[in-house]
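Chains A and B, in that order, give the protein sequences. Okay, so the first sequence: first residue is 2 according to the numbering used here, each after it adds one. Okay, so the second sequence: first residue is 2 according to the numbering used here, each after it adds one.
Simulated from the structure, these hints should not be mistaken for laboratory data. It is possible that some hints are incorrect.
Pair by pair, the computed Cβ-Cβ distance ranges are [said to hold, decoys possible]:
| # | chain 1 | residue 1 | chain 2 | residue 2 | range |
| --- | --- | --- | --- | --- | --- |
| 1 | A | 204 | B | 146 | 17 to 27 angstroms |
| 2 | A | 64 | B | 106 | 36 to 46 angstroms |
| 3 | A | 128 | B | 37 | 52 to 62 angstroms |
It should be emphasised that the depicted structure is a prediction, and the values quoted were computed from it without experimental measurement. C-beta atoms are modelled at their ideal positions from N, C-alpha and C, and glycine is treated no differently.
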Amino acid sequence: MIRRRLLVALTALPFGLALGGCKIVATAKKQAPGADEGTGGGFDPNVMVDAMWDSKVVPYLQAKAGNLPDVLALARANPDEAGHKYGNRAKEGNEPWTFAARIEGRVIAAETASRAATISVDNAGDGKIAAIVQIGPAMRGTALRDALDFVSFNDFKNQIDYAQFGKAFNQHVARTILAQLPRDALVGRKATILGAFSLESGDQPPLVAPAQIALGPAS
Amino acid sequence: MGLKTVLLSAALAGAAVFGTSGAASAADLIAVITPSHDNPFFKAEAEGAEAKAKALGYDVLSLVHDDDANKQSELIDTAIARGAKAIILDNAGADATVAAVKKAKDAGVPSFLIDREINASGVAVAQIVSNNYQGAQLGAQEFVKLMGEKGNFAELVGKESDTNAGIRSKGYHDVIGEYPDLKSVAKQSANWSQTEAYAKMETILQANPNIKGVISGNDTMAMGAIAALAAANRKDVIVVGFDGSNDVRDSILSGGIKATVLQPAYQQAQDAVDQADAYIKTKKAPAQEKQLMDCVLITPANAGKLETFSLKK
Chain A
2 MIRRRLLVAL TALPFGLALG GCKIVATAKK QAPGADEGTG GGFDPNVMVD
52 AMWDSKVVPY LQAKAGNLPD VLALARANPD EAGHKYGNRA KEGNEPWTFA
102 ARIEGRVIAA ETASRAATIS VDNAGDGKIA AIVQIGPAMR GTALRDALDF
152 VSFNDFKNQI DYAQFGKAFN QHVARTILAQ LPRDALVGRK ATILGAFSLE
202 SGDQPPLVAP AQIALGPAS
Chain B
2 MGLKTVLLSA ALAGAAVFGT SGAASAADLI AVITPSHDNP FFKAEAEGAE
52 AKAKALGYDV LSLVHDDDAN KQSELIDTAI ARGAKAIILD NAGADATVAA
102 VKKAKDAGVP SFLIDREINA SGVAVAQIVS NNYQGAQLGA QEFVKLMGEK
152 GNFAELVGKE SDTNAGIRSK GYHDVIGEYP DLKSVAKQSA NWSQTEAYAK
202 METILQANPN IKGVISGNDT MAMGAIAALA AANRKDVIVV GFDGSNDVRD
252 SILSGGIKAT VLQPAYQQAQ DAVDQADAYI KTKKAPAQEK QLMDCVLITP
302 ANAGKLETFS LKK
């Protein structure tokens, strides 16, 4: 646990430096990992995700991500081109592209009453919501899993294992990053996010699953 | 032109007009094996597969296993004996089916699975299934909204041998479990069956008269539940299903069931036949054996566009 806290602190550090006043305070209790019952066979999605997060997941998303306005503009004009450049999707089936993006802006709204809490971020300074970012502790969907080109449904015994693997990404983020975020006085603060999303309907702001979040001072 | 030639021309023309039926012995055979067509979902996928196979020039052998793994094994023997070039299969159990599909493979008959998975890969050429986890999360989010994030609810679960029952239940709970004011008072299997769901719903209602909602693992069970609720004059209870059947569409449009989740069953079956056709002709397997097809939430807003498990544009 101590080692993990240190790792989180180190991961957060570059963000903190870049943003000057950013401060991530680790106060919240850790959730116990592996709360779901597995389907046997020693399959432990939480251990798998913990093992690949720093070494594979974050570097992949950092390399694949574009700046949100660029990703959205291309995705709306030519989803396949945007997908190949900034995203991933299964080779068969009808899943939509899942994109990786960086968002830098200001929090203009926060919904923290729900357990599926979100912040709305404006990245153009025009008061419009560019992205809605999930800040947990409950996170929806499987965007973090689906953004990764080295993860395939084929490698899992069945949909249940694959779903648990998807949920393990959300739990990892909730435990190691989101639990440390403040819940009050979020509006007005600067926010830098690396995350993943799939575009449901073209004109709505995307619902982003964050892999990294750093909050700066309000201004 | 001699008489013989005329007759021959007529025969050829007949064959062209009547398609494969006029030349049964010459056309390759595709076997389509599904659960009972009593459930419109299975009927739709069987019809989707049959229509596509006929359009591609195949003869079709359509069979039902009634969710009996032994019967399924016999039907696969039949398909092998009849020289089927491929089997399109919605199977009778994630574990029990592995041996049957392997038997077909060993006999040189490739299988293309739809709707339900098996607990093995590398045995079937394709496994095309709905993204049940994604769909269940959509249904559960709508259910949570309809419930106002609080109240007592019951869940009807599908047949245990079918992975889809477990995965939908998990998708429901991963969403609903986040709301501490939503209380699960009953969780029972009705085996995908309308009549079983009716009986289970009656019992649940007697034990829990203060129930506010029912989330169901499929549409036939949702139809059973809504009928039992109507008989008990409990039209206030919120029911959400899964499948996107025409029955549930009509119920949604008349203010009964509140929502369901469409599985693109017809398209899924057609895609499986396309992949079988490619495999028969070129030995080319799809890029990925396990394939997911995303589901769509159906509410009063878009139910009017739903027809036979597909959404009109």
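**Request:** Could you see if the CB distance from residue 64 of chain A to residue 106 of chain B stays within 36 to 46 angstroms?
**Result:** Once the Cβ atoms are compared, 40 angstroms apart, the range 36 to 46 angstroms for residue 106 of chain B and residue 64 of chain A holds.
**residue 128 of chain A versus residue 37 of chain B beta-carbon gap, inside 52 to 62 angstroms or not** = Hint holds: Cβ distance 57 angstroms, inside 52 to 62 angstroms.
**Asked** Can the suggested window of 17 to 27 angstroms be confirmed for the beta-carbon pair residue 204 of chain A and residue 146 of chain B?
**Response** At 21 angstroms between Cβs, range holds.
When each numbered hint is compared with the structure, no violation occurs for any of them.
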